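**Q** Here the protein sequences come in this chain order: A and B. Counting from 1, position 119 in the first sequence corresponds to residue 119 in the numbering used here; the numbering is continuous, with no gaps. Heads up: take any position in the second sequence, counting from 1, add 153, and you land on the numbering used here.
Among the hints, a few may not be true.
As the list claims (entries may be wrong) - Below 27 Å or equal to it, Euclidean Cα-Cα: the simulated DSSO-like pairs (lysine-lysine) are:
| # | chain 1 | residue 1 | chain 2 | residue 2 |
| --- | --- | --- | --- | --- |
| 1 | B | K162 | B | K307 |
| 2 | A | K16 | B | K162 |
| 3 | B | K344 | B | K405 |
| 4 | A | K16 | B | K172 |
| 5 | A | K2 | B | K169 |
| 6 | B | K172 | B | K162 |
| 7 | A | K2 | B | K162 |
| 8 | B | K172 | B | K309 |
| 9 | B | K358 | B | K387 |
| 10 | B | K358 | B | K388 |
| 11 | B | K304 | B | K405 |
| 12 | B | K309 | B | K269 |
| 13 | B | K307 | B | K405 |
| 14 | A | K16 | B | K169 |
| 15 | B | K421 | B | K352 |
| 16 | A | K2 | A | K54 |
| 17 | B | K405 | B | K388 |
| 18 | B | K321 | B | K352 |
| 19 | B | K405 | B | K305 |
| 20 | A | K2 | B | K172 |
| 21 | B | K269 | A | K54 |
Hints are computed from structural coordinates only; laboratory data are not their basis. From a predicted model like this one, the values you see are computed outputs, not experimental measurements.
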Amino acid sequence: MKIDFNLNGVQVSVDKDPLSRLIDVLREDFGLTGTKEGCSEGECGACSVLLDGKLVTSCLVPLGSAIGSRVDTIEGIRDTKLGSIIIESFANGGAVQCGFCIPGMVISAYCLLSSNPHPTEDEVRLAISGNLCRCTGYDLIVSSILDASRRLA
Amino acid sequence: MNYVAFSLKQALEIRKATKARVMAGGTDLMVSAQRGEGMMPRFEGDMLLISHVDELRHIGFNASGELEIGALCTSAQIAGDSRVPWALRAAASRMGAVALRNCATIGGNIANASPKGDLPGPLYALDARVRLLSVDGAEEMLVSDFILGLKKTKLKDDQIIGAIIIPKMDEWFDYIFWHKIGTRRANAISKLTVTMAIKLDQQRKIVEDFRLSATACGAKTNRSREVESLVIGKKVQELEDLVAPVQEAFDKVISPRAMPVFRRTATKNMIADFFSRVARLPEERNME
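Construct all of the structure, not just a fragment, from the sequences and the given hints.
**A** Okay, here's the thing in structure tokens:
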């Protein structure tokens, strides 16, 4: 089935089964390997992307659900103003250890700060509650997101 | 072959013609079918994706004053809508984490008929009905009748869940209790969830109505009208004395498998907590 959607601001089209996993299409068909696969069951948040601005785990999204929608991945948001501020804060704040969870963490932070530029610490923790970090670096991730928030004008 | 429907009419026609299994948000079915990185998920038989059927996405009151929640309403949508009774909002707000709540639907949570499903508990207690649609017409039944057991429902192979209907509820319950026990705050699968509701008479002395449902303690969500009848008609001051008989009666509803002692003790504590709080007639109506 021909599937049309907007990927990081560009109209794209693929011919795939509508029940293919969105993550596979992003990684295999478009080479966007910033989106990581961790648990394959929506628990870890490593595969987080935005679907029409909403945070979703792309391992659980059937490709057909993206028809006519906009998908934003880490590759798409890293050059936006907000995306680059978050990434800089993560780097400066020592938020990154092994790095595997970080694209998902950045997407969740981006999603939060887009709608709530000045969240409380609790709101930050809730926003990343679906993102697991096995290096246990949550505190530095949270403080980096709060730092990004402070740097937003 | 897998299908995508873009309207309700198209969805019902495809369902009737192909009997393809319905997928809404995909948060349960994509997990059970996944085979790993880069692999096409493996489904038994054809699938019909209905996530684009916008007609099933509304929340609103119908002409009879009942609240209708479209089958494709997500947990995030339900959690954020103040017209939805609190216990259901609370349950929706604690399903999975943010990303899952943006995809998981109320129709899917019911159709999946997991004994640990988050939404059936409050829906049972609220006497909610499910509306089933097909090319040939619609039928309604209680959610508690629709779910037969572990992963089993009364959904016919030409039907799609259209909406969940919650009976009229202005000043319906004076006190509602909902508590989910999970291993963590986010992404927790219920180990035990109890929903209770009490309506008092105008003098706030007599219990006019009582509901009690429990999730994750048997093959399906449990509710026992026999147990509820022990409390209905009793005085508020008697509530604390009723904890033991209610627990004893509800014990029989709890499955003897998988941590029965834990579930019995925890249920007992929750009943005792709710009854003792209500007996003091506090201003706070929603209790967790």
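**Q** Can the restraint linking K358 (chain B) and K387 (chain B) be considered satisfied, given a maximum Cα separation of 27 Å?
**A** With Cα atoms ~9 Å apart, K358 (chain B) and K387 (chain B) stay inside 27 Å; holds.
**Q** Starting from K358 (chain B), check that the Cα of K388 (chain B) is at most 27 Å away, please.
**A** With Cα atoms ~6 Å apart, K358 (chain B) and K388 (chain B) stay inside 27 Å; holds.
**Q** So if I understand the rule, the pair passes when the alpha-carbon distance is 27 Å or less; does K421 (chain B) with K352 (chain B) pass?
**A** Distance ~20 Å between K421 (chain B) and K352 (chain B) Cα, so the pair holds.
**Q** Compare the distance between the alpha carbons of K2 (chain A) and K162 (chain B) with 27 Å, and conclude whether the hinted pair is satisfied.
**A** Given that 27 Å is the threshold and the Cα spacing comes to 21 Å, the pair holds.
**Q** For a C-alpha distance cap of 27 Å, please report whether K307 (chain B) and K405 (chain B) respect it.
**A** Given that 27 Å is the threshold and the Cα spacing comes to 25 Å, the pair holds.
**Q** Take a quick look at whether K405 (chain B) and K388 (chain B) sit within 27 Å of each other, Cα to Cα.
**A** Satisfied, since the Cα-Cα distance of roughly 25 Å is no more than 27 Å.
**Q** Against the 27 Å threshold, does the CA-CA distance of K172 (chain B) and K162 (chain B) hold or violate the hint?
**A** holds, 15 Å
**Q** Would the pair K269 (chain B) and K54 (chain A) pass a check requiring their Cα atoms to be no farther apart than 27 Å?
**A** holds, 26 Å
**Q** Given the hint that K304 (chain B) pairs with K405 (chain B), test it: the Cα-Cα distance must not exceed 27 Å.
**A** Holds, at about 22 Å.
**Q** Between K16 (chain A) and K169 (chain B), does the CA-CA distance stay at or below 27 Å?
**A** Holds. K16 (chain A) to K169 (chain B) sits at ~24 Å (cutoff 27 Å).
**Q** Straight-line Cα separation of K2 (chain A) and K172 (chain B) no greater than 27 Å?
**A** holds, 23 Å
**Q** Just to be careful, I want the Cα atoms of K16 (chain A) and K162 (chain B) compared with a cutoff of 27 Å; is the pair within it?
**A** Between K16 (chain A) and K162 (chain B) the Cα gap is close to 24 Å, so the pair holds against 27 Å.
When each numbered hint is compared with the structure, no violation occurs for any of them.
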